[in-house]
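Enquirer: Go by the hints and put chain B onto chain A.
Now for the letters of each chain:
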Amino acid sequence: LAKTTQPISMDSYEGQEVNITCSHNNIATNDYITWYQQFPSQGPRFIIQGYKTKVTNEVASLFIPADRKSSTLSLPRVSLSDTAVYYCLVGDGSSASKIIFGSGTRLSIRP
Amino acid sequence: EAGVTQFPSHSVIEKGQTVTLRCDPISGHDNLYWYRRVMGKEIKFLLHFVKESKQDESGMPNNRFLAERTGGTYSTLKVQPAELEDSGVYFCASSPLEGANLGSPLHFGNGTRLTVT
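So the protein sequences, as listed, match chains A and B.
For the first sequence, our numbering assigns the number 6 to the initial residue and increments by one for each residue that follows.
For the second sequence, our numbering assigns the number 71 to the initial residue and increments by one for each residue that follows.
Heads up, some of the hints might be wrong.
[As the list claims (entries may be wrong)] With a Cα cut of at most 20 Å, we get these calculated SDA-like pairs of lysine to any residue: (1) B:K111 with A:T10; (2) B:K114 with A:R50; (3) B:K148 with B:S81; (4) A:K103 with B:G129; (5) A:K103 with B:K111; (6) A:K103 with B:K114; (7) A:K103 with B:Q125; (8) B:K111 with A:R111; (9) A:K8 with B:E112; (10) A:K103 with B:M130.
Treat the hints as calculated values from the structure; they're not laboratory data.
One chain only, chain A, in its complex shape (with noise of 0.2 Å):
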């Protein structure tokens, strides 16, 4: 099964440009990767996925280097609202018992 690895927290500014890196060594060929974000007493809420290269919406980046082994959510000029917890996924969609949720970073955006 494939797993992932974020940073456990991350802190920054309202304005900037947040980047949380996630580590997938050993995703499969047919996996995509996902990120969602959940606020608190929600359900997580879908933000963008991608396979490879750069996908990019009206939400935020997703950057993954052609060996696919790690993947950057880029969220540009973030506010306060920003602030939530961002789970990172990898799966190939053939089973969904096979998509784990990891711990998620905790993203805290300060004014």
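Expert: Here is chain B on its own, set in the frame of chain A:
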């Protein structure tokens, strides 16, 4: 569109009692998943329905847990009898396509916080 809704949001029961959690997925989503996070642990997969059929129930902890999805719409998760270690937050998620990664991310509800005393 309405999101995934779960009921109740909180439940406090005594050890040995029965509790039934309900999940209403997004309309039209054939895939429904149950997850849970027990105190201090990571979010763990419980099971996956495709319509009314159990596709994967490898994460169900024991036979005190029973999940159903009659008619392929809403789902219930019953815990009988509840034990102290069942306390945690139970999340439901749905997706339109099979496969939680291939272009079909999961849409989660806000969870049911279960406390067994």
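Enquirer: All hints, please: hold or fail.
Expert: Hints and how they fare:
| no. | hint | verdict |
| --- | --- | --- |
| 1 | B:K111 with A:T10 | holds (15 Å) |
| 2 | B:K114 with A:R50 | holds (16 Å) |
| 3 | B:K148 with B:S81 | holds (12 Å) |
| 4 | A:K103 with B:G129 | holds (10 Å) |
| 5 | A:K103 with B:K111 | holds (17 Å) |
| 6 | A:K103 with B:K114 | holds (10 Å) |
| 7 | A:K103 with B:Q125 | holds (13 Å) |
| 8 | B:K111 with A:R111 | holds (14 Å) |
| 9 | A:K8 with B:E112 | holds (13 Å) |
| 10 | A:K103 with B:M130 | holds (14 Å) |
When held up to the earlier numbered hints, the structure conflicts with none and fits them all.
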